[in-house]
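Novice: The whole structure should be built from the sequences, with the hints applied where relevant.
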Amino acid sequence: MSYFRAEKLSLHFGGLKAVDAVSFVVEKGEILSIIGPNGAGKSTIFNLISRINRPTSGKIFFEDQEITKQPPYDIARLGIARTFQNIELFENATVLSNLLVGRHRHCTSQLWQELLFLPSVRASEKAHRRRVEQVIEFLDLEPYRDKLISGLPYGVRKVIELARALCSEPRLILLDEPSSGLSVEETDDMSFWIRDMKTEFGITVLMVEHDMSLVNRISDRVIALSAGRVLAMGTPAEVQQHPDVVAAYLGA
Amino acid sequence: MRFLFKTDYEDDIRLFPHSGYVISYGVLFALLLIAPYALSSYLMSQLVFVCIYATVGVGLLILTGFTGQASLGHAAFLAVGAYTAAYLQQFNVPFPLYFLAAGLLTGLIGALVGFPALRLQGIYLVIATISFAFIVEEILARWESVTHGNEGMRVKMLYLFGSAVPRDSPAFYFLCLAVLVLTIVGALNLLRSPTGRAFVAIRDSETAARSMGINVSLYKVKSFAISAAITGFAGCLFAHKLSFISPEMFTLQLSIEFIIVILIGGTLSLHGAVLGAIFIVMIDPFLTYLKDDMPGVIAAISTTFGISKERAAHIQDNIAAFASLNGLKGAIYGVIIIVFVLFEPLGLYGRWLKIKLFFQLFPLYKRATFKRQKIYVKSERNR
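Line by line, the protein sequences give chains S and X. Using numbering that gives the first Met the number 0, you'd call the opening residue of the first sequence number 0 and step up by one each time. Using numbering that gives the first Met the number 0, you'd call the opening residue of the second sequence number 0 and step up by one each time.
Keep in mind the hints are simulated off the structure, nothing from the lab. Don't take each hint at face value.
Some chain S residues judged to face chain X by a derived CB distance under 10 Å, without partners named [to be verified]:
id, residue
1, Ser49
2, Arg76
3, Ile79
4, Phe83
5, Ile86
6, Leu88
7, Gly101
8, His103
9, Arg104
10, Leu115
11, Ser123
12, Pro142
13, Asp145
14, Tyr248
A virtual CB, placed ideally from N, CA and C, is assigned to each residue, including glycine.
Specialist: Here it is in structure tokens:
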């Protein structure tokens, strides 16, 4: 059995087939990139996996469990974290509390315990903080801990969103255009971090990306989408030479 | 200026970040303890109302300020708390029991209101909570076997542990103060634990909160329930303070007053609830002054500037007539809201932060410090 599997996944808005019978598998521990022109349905696939949209038909399996019917908040509890294309951070909170929200799926305290802030709550808060600090160190976010998100530049926000996803200790992470809007240096940092996530933490990565040099550098396999359908699948070099992919990009 | 060197995770958890806070809150607490023996009975009575309003303010802040769900129905929650207390009192239920019952029942009703509110956002939620408030008002007026309808209900003297606590005694003030302090401590505890962070997450981005594993519906209902329960506790005290309750006391105007409490106090922090409560309660003595003393004072001033007696008396009458106009209070509230939204969106607490920073940085304070510039604008947002 494969680690993560999408079977004939479709999402139709009336007559528009945003995603049309897309099937693919993600093997444990690989970096799989989804590429394709604008409107190909890349982000929509992410929204289907994290249950922001309900698929019209098709099934999704993660670790041999069907997750198509799970409520959205359960997806994170199963160990799937994601980032967003247009950063969705908690604007009026500090970086630290943003990252601590990432720990939410590991929080077990009851309301009455929290009202009294019992020693058990205090202890678990410190344990969560310890994990958050590991992520902060991994992504070099030390200078920003107490800053409000609303005052931070775009590049830093992008990293904080990645950090928040990592704080939840996911087994599968969905990165929606991790390098969009980043400078060349920041993109380099990002590519190292994504590779380290795979090799050091053993996290499986599924990402949507436009920057082909980044895709070539770090992905194990690539899926090319166009108009909601899979055009090609394989290693980065194979996919880029595939005649359908060339046609989709160049319009030939 | 003090620099905090954090050496322990505890530094980010504790309620008083450094000794300065302990000293200043200690002094404040001591002042509040000696207040009943230093202030006039009228001011003491106002101070009790400050405690009750601030308690409601804390409840409303949890819902509106931290979870981002607006509510214009808090007068109704207050009414439920007040009527529960008054109703149970008839059966000689002891105070601690009906006090708890008032909070729990209101919390339950708050949760029930929370369910339909799950699908509503922004202005629609406001409308839904207003209609809830109207429904409650109507039920209070019609369900005569329980609420005595428009005749209202008399609330008997409060007995705590066998001794009477009259509504204008220092003991009653201490009771209200204790409820306020406990509410604030509970709310602070909540806000520094996972639930509080989930509330803030829902306020800022529901989509992100959901994808981080937060059950948004559950936490919204929780927020409604907690906020309503706090208001219910306050309602019980409110009933005792007034000693008589009737449906027309819990109108939309009262809900708006509660919104003003947090709007003027500031939604950034719980300080806002207390500052706003002081403001809204102390506006009454100010209006009384405007009505009683102001005309005379202005007349006296105008005579010293050589205006004839008859003319001064005419001015006095005019001002007195203006100050006792019917809708003046509402108009003043409206003006205050507009002024605060335009010039001080962070409220009184925001102003206090600025003043504090001014003195800490003196003479280096820059006026732009609090002007947050939008670094980029979101193009598209999932709700």
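Novice: Indicate, hint by hint, whether the structure satisfies it.
Specialist: Status of each hint after checking the structure:
| no. | hint | in the structure |
| --- | --- | --- |
| 1 | Ser49 | 5 Å, holds |
| 2 | Arg76 | 5 Å, holds |
| 3 | Ile79 | 9 Å, holds |
| 4 | Phe83 | 7 Å, holds |
| 5 | Ile86 | 8 Å, holds |
| 6 | Leu88 | 7 Å, holds |
| 7 | Gly101 | 6 Å, holds |
| 8 | His103 | 5 Å, holds |
| 9 | Arg104 | 4 Å, holds |
| 10 | Leu115 | 7 Å, holds |
| 11 | Ser123 | 9 Å, holds |
| 12 | Pro142 | 14 Å, violated |
| 13 | Asp145 | 8 Å, holds |
| 14 | Tyr248 | 24 Å, violated |
Going down the numbered hints, you'll see the structure goes against 12 and 14, while the others check out.
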